[in-house]
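Visitor: Mind docking chain E on chain H? Use the hints.
Given next are the chains, with one letter for each unit.
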Amino acid sequence: AEGGDSGQGPFTFHLDPVAIEWLELDQDTNSSKFEEYRDLDSGLRIPLLVLKGVGANGDRTLDFTAENVWRDDARLGLDYALAGKYGLSLSYDKIPHRFGNDAKFLWNRTASGRFEIDDAVQRANQAALTAQFAANRTLIAFPFLNNLLAPQIASARSIDISLERERTRLDFDLGTLQGLSWDVSLFHEKRTGLRPFGAAFGFSNVNEIVEPIDYATTETTTRGEWAGKSGGVTLGLRSSTFDNGNSSLSWDNPFRAVDSTDPGASSAPGSGSINGSATGRVALAPDNRSTGFFVDGRWRFTSGWWANANASKTRMRQDEALLPYTSNSAINTRGGAPFDASDPANLPIRNADRKADVTNLSANVGGRFGEDFGLTFRFRSYDYQDDSRRVIFPGYVRFDSNWVSTGRITVPPAFKRTDLGTELNWDVTPSTGLALSWNRQTWDRELREVEKSDEDIWKISADSRAIKNVTLRASYETGDRSIDGYHPEAAEDSFTNPGPLVTQPGLRKFDEAARQYDAWRVSADFLFGEAWTFTLATNGRQDDYDQSQFGLISDEVRFVNLELSYVPGAASEVYLFGTRSDRSTFQRGRQSGATVSVNPLDNWQIDFDEVNDAWGLGWNRRYSERWKSEVEGRWSKSDGEAEIFSPPGGTPDLAIGFDNYEDIELLALKAKLDFTLNPRVGFGFWYLYEDYTIDSFIRQGVRNYLPGALLLNANDGDYRASLFAAYVRLSL
Amino acid sequence: GFALAPGHSTEAPAAQATAQAAAVPAAASGYAGTEACVGCHGDQAEHLEKTPHGRAGFSKLSSLGCESCHGPGNAHAEAPDDVALYPRIEKLSAAKQSATCQGCHSGGKQFFWHNGRHQARGLSCISCHSVHSPKSERAQLKQASATEQCFSCHKDVRAETWKTSHHPIREGKISCADCHNPHGTETPKMITAASVNDQCYSCHTEKRGPFLWEHPAVRESCLNCHSPHGSNHLKLQKTSVPYLCQQCHANTRHPGSLYDATTLGDGARASNRIFNRACLDCHSAIHGSNHPSSPYLGR
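Chains H and E are the protein sequences, given in the same order.
Just so you know, we're using the working numbering here: the first sequence kicks off at 1 and counts up by one.
Just so you know, we're using the working numbering here: the second sequence kicks off at 733 and counts up by one.
Since the hints were derived computationally from the structure, they do not count as laboratory data.
One or more hints might be untrue.
PhoX-like mimics (lysine-lysine), calculated; alpha carbons at most 20 Å apart, straight line [to be verified]:
| hint | chain 1 | residue 1 | chain 2 | residue 2 |
| --- | --- | --- | --- | --- |
| 1 | H | Lys190 | E | Lys905 |
| 2 | H | Lys672 | E | Lys867 |
| 3 | E | Lys867 | H | Lys416 |
| 4 | E | Lys841 | H | Lys85 |
Pulled out of the complex, with its shape left as it was, chain H reads as follows (with noise of 0.2 Å):
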């Protein structure tokens, strides 16, 4: 549509053609998961506006972009801009996240960050539990709290779980394409909803809750550039802001209506204890704030070489008001603690004061010389220090159940990462290229097992058109990380009088462990003609921790990929694409009781395998002037097993494996028929049909209730849905 009068007026517009779309959506059952990120209920939508104004003298411009109009994944944006001296850009994005529906939920909110349960129902619970405590303690378990509790789920309320992320963000660029240019960047993300959390009582008594999310995140950026023909230099500020508008959350205990405490009261309820808090608190995300500047650098030397640099410092801060040890108040000195834990004002400090600095420096020379020949150097610190005071606790309280007066330590971790590498480069041929390239990793930690590690990484790859139509690229790489010496005790340095070791001596915490890896990667790209093209491509990795007798000991992942279309024409397109991949990582552990289990006999193994593919075929054809159609079908498959293995007489004496290590598939059809009546108007229909199923199995056999754990069981499993949308589409 012409907006203004051609030219005389500010702007003149033009609005692409726009569809408005009606969808009709059934879906077998209410699975989220079909919805998880994107909005396709039944309804009218505009799929994509696009609006493009210039101004009278051409070097203005005004552009307005909407996708998902009326939508939960609703996108908004707004450009302007004078050619060559600045733009503004304005955009609002929002991104739906559910979680599951349909999950049964004891509590009510009363407050932002308060779940509660009737004050009856607890109390009808305890009176239960402390009878039966009183006439026979050992038929708590299970069935007798099953029942206990089924009423109560029989009437619980239903919920959906999901939140949404709304995004808003200002970019402002001062001469654009110029020498020196300014931006300027502010975004803002609020999140409200509900998401899944594990909060527990004790052993016995995980409650599955949900969080109250009402996170907002404000980032500013601010940049100058200067970039000339061989040089130029970025200087910039960052600050981003963490805002949680709950700073805890506390949930009632179904099974208790007042406070109390012994010893045992963090297995209950059970035959040893009945006791335990009335209301369990949890610290949530704290408000925090990250503030930091950068500068980057480039510069081109007369041999054509390129020197880059980039340094920056950034501090985090999180200084949150702590919560007391406790909500219970039976836990004082009259319950097994030095002080009333529940009172703050017994903390050793009332407020986190938590503070971190990230220093990153790295620069990089590469350039060529003779006439065949590239070279790079590369090198990069990543220095990471907590410089936070370490705090005493004389103790803590278990689960808000009773208190352990085992002193403990907070241990702010501080490391840093440093590479140095270099890459030669060799043309063989004007169509052939070498590569070799090697890069140290070091690492430098304080207050873990591993406090220096080195890797050496080799790789060689080569590219090469030397075949007429083919294009070939493989590269080999092989990586040896050693290490300066594995100190297990490290593990107890949040004790303040670590006792003997309690973790087996032979773990190897993989990502600090001595390791050596290869890695490969090979792809052909073939044309054939004008119209086929064909890829075929296999890549693969394996780590081996050959000195971790215990925890991960071996992971290998390939892949095969190919792809292959056809495009006679302008008005035909046929494609196909695939990808399997296999993955096996075995691991190893050995079962202890109350000590450090030295027999041989208790070690377990687990072999699991994930075999996965992901295969999509299309065809999009166009018959005439006036009809198109495309068809599209992806289906993704995991089938996974776990081979579990542990030898006879010890503990574990008999181990059983499964095979339903996440076994998913979805099968996805899309077809589109789209009809241009006359140039200002066409129609269409298109068809979504989906099949997803999961089996597995850590959800199998999980309901309300199960033993020690009454859960949320929210819908985000099976579903079929099909979609169908008609759309009228119009050139205004």
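Guide: Chain E alone, transformed into the frame defined by chain H:
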């Protein structure tokens, strides 16, 4: 052969090219003028009109029109059948292709192109971008979106995004370019932040802390536990809990215990250490906690 305008195959901004053009008569400099180009290449011009380089504002940046990028075309116009004189960007080396674009686009996200990973592997701007026939709404990509563009080479990553636990990539709510800068960065894997964790904190600010009680492996790298491109397990876990936790924790009692089929939700020894959220049923503050009673990250 085809040669770019002086100062154009290097890093001169378009405004500089404009000044050169104004100073040198077209015929003398070897420029044919846009009208001459459109006379034969009308379809290309028609495509270009729908792109930023075809909008009227482009002329404010460069008066050379087509020859802003293609270089002087007078010789080609006079001998249009001479293949050697075709001013095709594709004929140039990858470095010269990119230099053509960087005559204007050398700052911002392109700041660290030189010595970057894609540059080192012989890619150029036109490996991903199409000036004449872009398929994307933004950034003039050869594919419909930044994500599809990346997937045209990184096919294994595409397969990862189809796993059940995934970022909203395939739904189009975020793209590869939200975390990676394909033009080059100073960080490994071309991520846009100083480290993987800093990258993750940009969206997951609630996990930034620093916390009173920290989980060291979490602080060092989110990738120790998560596969950001996709996973079959909850929350993008590399291996499912509880086994993920047991790859580092083999303490006495429950951390070192074996959880097998008999401990599943419907098993004879059903255990809340394996079903549902497994370890996270209790250790819900696994990324760090501010609670005084949370050395085990349960509060």
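Visitor: For each hint, tell me whether it holds in the structure or not.
Guide: Comparing the hints with the structure gives:
1. Taken as a hint, the H/Lys190 and E/Lys905 pair is honoured in the structure, with Cα atoms around 16 Å apart against an allowance of 20 Å.
2. Our distance criterion of 20 Å between C-alpha atoms is met by H/Lys672 and E/Lys867, whose separation comes to about 19 Å.
3. The suggested pairing of E/Lys867 with H/Lys416 is violated, with an alpha-carbon distance near 43 Å, which exceeds 20 Å.
4. For the hint linking E/Lys841 to H/Lys85, the alpha-carbon distance of about 18 Å falls within 20 Å, and the restraint holds.
Checked against the numbered hints given earlier, the structure breaks only hint 3 and satisfies all the rest.
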